[in-house]
Amino acid sequence: MQLLRDAFAESGTDAPVHQFFIRWFATDPPVRDMFPPEMAGQRALFARALHWVFGELIARRSREPVAFLAQLGRDHRKYGVTSAHYDTMRDALHHALRSHYSAGWTPVLEATTAQSLKLITGVMRGAAEADTGPARWEGSVVEVHRVSRDLVVVRLRLDRPMYYHPGQYVKVEVPQCPRRWRYLSPAIPADDSGGIEFHIRAVPGGLVSTAVVEETRPGDRWRISSPHGGLHVDRDGGDVLMVAGSTGLAPLRALIMDLARWAENPRVHLFFGARYPCELYDLPTLWQIAAHNPWLSVSPVSEYNSNPPWASDFPDPTPPRGLHVRQAGRLPEVVSRYGGWGDRQILVCGGPQMVRTAVAALVAKGAPAQRIQHDPLSS
Numbered sequence: 001m002q003l004l005r006d007a008f009a010e011s012g013t014d015a016p017v018h019q020f021f022i023r024w025f026a027t028d029p030p031v032r033d034m035f036p037p038e039m040a041g042q043r044a045l046f047a048r049a050l051h052w053v054f055g056e057l058i059a060r061r062s063r064e065p066v067a068f069l070a071q072l073g074r075d076h077r078k079y080g081v082t083s084a085h086y087d088t089m090r091d092a093l094h095h096a097l098r099s100h101y102s103a104g105w106t107p108v109l110e111a112t113t114a115q116s117l118k119l120i121t122g123v124m125r126g127a128a129e130a131d132t133g134p135a136r137w138e139g140s141v142v143e144v145h146r147v148s149r150d151l152v153v154v155r156l157r158l159d160r161p162m163y164y165h166p167g168q169y170v171k172v173e174v175p176q177c178p179r180r181w182r183y184l185s186p187a188i189p190a191d192d193s194g195g196i197e198f199h200i201r202a203v204p205g206g207l208v209s210t211a212v213v214e215e216t217r218p219g220d221r222w223r224i225s226s227p228h229g230g231l232h233v234d235r236d237g238g239d240v241l242m243v244a245g246s247t248g249l250a251p252l253r254a255l256i257m258d259l260a261r262w263a264e265n266p267r268v269h270l271f272f273g274a275r276y277p278c279e280l281y282d283l284p285t286l287w288q289i290a291a292h293n294p295w296l297s298v299s300p301v302s303e304y305n306s307n308p309p310w311a312s313d314f315p316d317p318t319p320p321r322g323l324h325v326r327q328a329g330r331l332p333e334v335v336s337r338y339g340g341w342g343d344r345q346i347l348v349c350g351g352p353q354m355v356r357t358a359v360a361a362l363v364a365k366g367a368p369a370q371r372i373q374h375d376p377l378s379s
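The sequence shown begins at 1 in this note's numbering and counts up by one.
Derived by calculation from the structure, the hints in this document are not laboratory data.
If you're wondering where the values come from, they're calculated on a predicted model, not measured in any experiment.
Cβ atoms here follow ideal geometry from the backbone N, Cα and C, with glycine treated the same way.
Warning: the hint list may mix true and false statements.
Unchecked claim - Taking CB as the label site, the calculated pair distances span:
1. S83 - D316: 51 to 57 Å
2. E38 - P284: 38 to 44 Å
3. E110 - A44: 23 to 29 Å
What the hints assert, rightly or not - Cross-link-like lysine to any residue pairs, in silico, SDA-like; alpha carbons within 20 Å at most:
4. K171 - R267
5. K171 - G122
6. K118 - V141
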């Protein structure tokens, strides 16, 4: 099994993962339409996933990889994957591995490969077939608010309500970029009437995020996957520190709104950061929540003290007096000035680099790593 794991650490056109997709698309052509036109990112993600799964199986840890594969199977229903596709997938993987090792292919490796791939595809197929919920949700954009130069708030009405835990994330497909699914976090708790809200910032070079910010209009039809993630607040687990960089605010905002349903909560201190003061786009909403919930404190942070010239073209997010005074500096540095926050439940959301920096700064100050929650980092 060590050889199988090592095979998925390789890259290039001769790597098994590359040959797998070529073989799969050739033997089952309709599968190609389920994937985006550019495949480099998809190949890399698939290779990392299989490398991790085989590594866990080598270490005789089956619980997490089985749970991961089951979720993968349930989630892949949104693409239109059927039971038969797992047979062609297994055959293509087997062919790619056998071709890769060619002269080194032994009866033992043949048996190990067959058994491993049967387990992987069997768990995915079984979980997909057992899931009775919707394969995906669809809804119409009802409002688009341009709140900054590269940031929009998009509200949709789903055809049927989606139930998720505040803090979870979903995959979204927009009509401007078919088959290019991207992760987004709902910014409000689940709504019985089907309302859902997303905060999206255009990422430099990001095809989907730029299309959403520049081209989304009311009436657009979006498709949404089942929810993922376990970001949460334990109301009996002590006070809470939240660190939100830009649109990383969305899942924390949903958690705060959910907590506002209760009369008593642990204290929550939220640091909300952006480059410029004008990009602290949701401060008025946070001010309203904090004004009625004494357990919530909000500290705005901006890297620069003054706004750029283009700020006048967008709504002014300055809230009424009552929030903590805005501080200047990089978000991780400002948060860590207060110490390690080691006695808190800590939730960090934002871009991958900000999250890494913030987590490292908090751990260096003494915060236990096991008390810090963040979503999986994609880069």
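Indices of hints not satisfied (ascending) = 4, 5, 6
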